[in-house]
Amino acid sequence: MAIKRRTVITAATLALPAIRGASAQAAKTITFGGSIPLSGGAAETGLNVNNGYKTAVQFINEQGGVEIGGTRYKLDLKLFDDASDPSRAVNLIQRQLDDGVDFFLGSFGSNIVLPTAAVTERAEKPMVQAGGGSDQIFGQGYKYVFGMFPRATRQFRSTAAFIKTLMPPVQNYSVIFTNDAFSKTAAQGVMAAMKDQGIPMLESYSFPETITDASSVLASIRAKTPEALVCMTHDQDNLLIAKQMIATGTNVNLLFQGLGPQLGSFRETLGKSANGIYFQTYWDERAPLKDRFFGTPKDFAAYYRKNNSRPIAYHVSAGAACIVTYIEAMMAAKSIDPVKVRDALATIDVNTQYARIKFTEQGDGDPVIMGPWVGQVVGGAPEVIAPANAKTASYTYPTPPWSQRS
Amino acid sequence: MLVAAVRRRAWWILLGVVLFAAAAFLPFVTTPFYVRVGQLVLLSSALGLAWTLLGGFAGYWSFGNSAFIGLGAFAAGIFEVELMKGQPWLGFALGLLLGAAISGLAASVVAWPILRLRGIYFAVAMLGISQVLAELNNNIDIFKGSMGLVLPRLSAFGLRPEALYFYLLLIATILITILAFAIQHSRIGAGLMAIREDEDTARMLGVPTERYKVTMFIASAALTGALGVIYAHSLGYITTSSVYRTEFSLNMIVYNLLGGIGTLIGPFLGSAIMVILTQVVLGRLLSIHMFVTGALLVLLVLVAPKGITGLVRALRQRWSAR
Amino acid sequence: MLALQTIADGLVLGGLYALSAVGFSLIFGVMGVVNLSHGALVMVGAYLAWFFWHALGLDPLVTIPVVMLCLGAFGYVYQRGLIQLAVDRSSHVASMLVTFGVALMLRNTLVLVFSPDLRSITPSYSGHPLLLGGIVIDPVRLAALGASLVLLGALALILNRSRMGRVIRATAQQELAARLCGVNAHHVYGLTFAVAAAFAGAAGAILGIVLPFSPPDEGLWTMNAFVVVTLGGVGSPQGALLGGLLLGVMATGTSQLIGPAFPNAMMFAVLVAMLLIRPSGLLGNAFAGSR
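Top line first, the protein sequences correspond to chains W, U and S.
Just so we're aligned: the first sequence equals residues 744 to 1149 in this note's numbering.
Just so we're aligned: the second sequence equals residues 4 to 325 in this note's numbering.
Just so we're aligned: the third sequence equals residues 51 to 341 in this note's numbering.
Extracted from the complex, chain W is given alone in its bound form (with noise of 0.2 Å):
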């Protein structure tokens, strides 16, 4: 009798908006159902891709709404927090499930995609994540799941072949991770491309899962100081490993930190040293890119500064090409039928303000089209460096030592 009950009130509450709706222009609701880390330790990257997704169905609903088939729509997003806990992400994401959501967004780290995404997989319902990027979430055959990054694997690639045309050639580099599934890859996947450039490595340095003090590593690396360091950790930890470095005067010709950079917090925190420190960034305000809904990206990072105060990061960037990435599949697809939307997604081929989106046949990003360019901070600001089609600054290799960075 108690789940009768809360079954006609679920139902209710699912009915009310389209009430309203139908009331003023009979326009259907498209919802948006997964989870968002809040409060765990990915929170921050949590809240970047949670505006992202707000700020694209504020957009297109302020359009009054997309047309799909004939028919008028507009969006609404239902996220929780997962709190980083799988069994509470699957058990909410089965409520929606159950409350009819079709379409889901991603949370953040394996543990969490992989369980969440098996429960939307059996019940044929896409994913599209700005969250996991590591192999194991594309190496189960799952059909319903995207990813807007390449494999972590292969995220250094484009990287590495940059590494390689530096003149004078880099001899040798040293690597640090820590021990989660992403970082730990993505450490695999910068050997593997090392390998391939022919650059040996010296060192690789593991930490765990969060770093606290860096300097003893560093002390080895001044020991043993190799050209290049790769550090393949989350923002925190690279600020901290540049912090110390630069407190112990650490040098290596070339620093590469895969995220951290991008953040504007970041390069404020380190100041003039921040300069000459290389990334990899997906997105940037100047790409030569082109979106249905918001134009460039110049025009969605002005439209998300007006109605936030949160600096954009690339994360937002991600996470608002997530709503129109599904939304430009609706339409190719002409339906909402969840089966049809992901036919589509598969064979996406798009452009917008993020990237140019196509997916591999295992649901992550295509790891040339929607792969990584090289940055470099210069005068406080991330520039992009390569490759030369997206360049907007030149690049300073071997890098001066942190005492005479300006």
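No lab work stands behind these hints, which were simulated from the structure alone.
Don't be surprised by glycine CBs; every beta carbon is placed ideally from N, CA and C.
Heads up, a few of these hints could be off.
Stated by the list, open to error - To give a feel for the contact side, a few chain U residues facing chain S, derived at Cβ under 8 Å:
| no. | residue |
| --- | --- |
| 1 | 117 |
| 2 | 127 |
| 3 | 132 |
| 4 | 138 |
| 5 | 296 |
| 6 | 308 |
Claimed, not checked - Within a straight-line C-alpha distance of at most 30 Å, the following computed BS3-like cross-link-like pairs (lysine-lysine) qualify:
| no. | chain 1 | residue 1 | chain 2 | residue 2 |
| --- | --- | --- | --- | --- |
| 7 | U | 88 | W | 886 |
| 8 | W | 938 | W | 927 |
| 9 | U | 88 | W | 927 |
| 10 | W | 938 | W | 1101 |
For chain W, the structure is supplied; the task is to place chains U and S on it using the hints.
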């Protein structure tokens, strides 16, 4: 007096049978979400019961039982992935035994020294042990803790996965309940309660305190390990942080505390209330979910320090005194 | 050379560990409460210091007194309003759950107020490594170590020389006897908690200039405090200092000798071993917590 006690016991058994039988129908009458909620309630109750064998009966509060969830899950996981390809059910059955055995073994190794510690020192030592194991599991490559393990998928009788794991957990919970009931009403149960009330006096009176404590510690660990194996399978993919969760350890205590420490119904009441509150009622909260969970914990200790069973008992006493 | 550098790095790190744990040690030693919200208090301190630095441009080392005052006041109210209630109504072990609940609430509040972004404080004197006979030392960390030592010394003075310190110690050793002598035990517990929270705040302010931080780090600082306290012994600044420095050297040493992935594992292994061998810590005197 004795007759009344026996009759009361019969009532409890009857109640248990009826409730478990009713639970078996859940997957037929409700949506998958509520089956999953039921799954979690069962898992939490069973974990709480396993914890209470030592924590509730003997008063040794472990703050690190997640160590055994992790040990069981990864021992079985590695075994099944490496050696049991293509035989999911055989692998699962053996993995269940292996998970329990490894957890029990680990417990027996540390049992003698660690059970000399009392009160908060025991609690902290267990917390430490779970942290050591989690760190080792995550940082030594052969344990696959950081890269994660994809466990073989189980299926049977065309059941949906949530129903399958619901039944597996239901069976596990029933077995653990029977075991806990038997222990509680045995000589060893009485001995454990004596330890809880006053360990030194109990020993003086001839209760083999060490043997009882060690036995319960190992039993508690082995059962927790087996539950870890089922939990890991229900997720399908685990990393260190999915099983070695400090929240697990703390939740086992919370469920018992909320329901009533030392009782068998306690973990059921506690986990049902907490799971329904955090997942059903508060499930849709986005940014203040953690705050509300914390506030609930605080309220729980302040309002019902003896748990719901304690509250009921107090109310009944007041009522009968009138 | 590498060995010396490792030890120097460890000692500098250890000062911070010591300061961050002393409040935890005091609460555990005096009232037998394990404060799982300790790390959250440290983080509150870090965010307050960050706020003063970010909004007003004040150096964290200057604003430490303000941060300590804020957290001290909070600590007093927290103890009298919640923890004492929990201890009275339930038990010491149950009060641990209350502190865990508060930790969750504080962490969520920090996320809501300051966003989950990582923060970091960059004082003007950062970024110029000091060279001492071939050993490289980060001046910021040296300053942090200095400030920690000064604060720990001050706390030792308060506890050993002042009237308040005597009353706190007396209550810790014999609550009943202290009560009979006219001590308001609850007030003393409140004060102890205030002092402990104030020092947690100070530690937060100092860690803010050394490490980038974000709200979820609170768990880490609680865990560190556990290890420091079991190593050094409960209830005294000396114990915390010894435990902190040992922990620091152990962390960098493990990192160097076994591998950078293992300091945490080593830390907790030592924690368990210490509990088994000498539960009162190296300098420990049995206080309320161990009874």
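Discussion item. Against the 30 Å threshold, does the CA-CA distance of residue 938 of chain W and residue 1101 of chain W hold or violate the hint?
Written reply: 27 Å, holds
Worksheet entry | Interface hint for residue 132 of chain U, Cβ within 8 Å of any Cβ on chain S | 6 Å, holds
Discussion item. The hint names residue 296 of chain U as touching chain S; please verify it with the least Cβ-Cβ distance against 8 Å.
Written reply: 6 Å, holds
Practice prompt. Have a go at the residue 117 of chain U hint: is there a Cβ in chain S nearer than 8 Å to its own Cβ?
Written response: 7 Å, holds
Discussion item. With the threshold set at 30 Å, check whether the alpha-carbon distance from residue 88 of chain U to residue 886 of chain W stays at or below it.
Written reply: Cα-Cα ~23 Å, so holds.
Worksheet item: Hint check: is the beta carbon of residue 308 of chain U less than 8 Å from a beta carbon of chain S?
Response: Cβ of residue 308 of chain U sits 4 Å from chain S, so the hint holds.
Worksheet item: Holds or violated: are the alpha carbons of residue 88 of chain U and residue 927 of chain W at most 30 Å from each other?
Response: Holds, at about 25 Å.
Worksheet item: Should the interface hint for residue 138 of chain U be scored as holding, given a Cβ-Cβ cut-off of 8 Å against chain S?
Response: 4 Å, holds
Worksheet item: Is it true that the CA of residue 938 of chain W sits at most 30 Å from the CA of residue 927 of chain W?
Response: Roughly 17 Å between the alpha carbons, so the hint for residue 938 of chain W and residue 927 of chain W holds.
Worksheet item: Would the hint on residue 127 of chain U stand, with a C-beta cut-off of 8 Å toward chain S?
Response: 6 Å, holds
Checked against the numbered hints given earlier, the structure satisfies every one of them.
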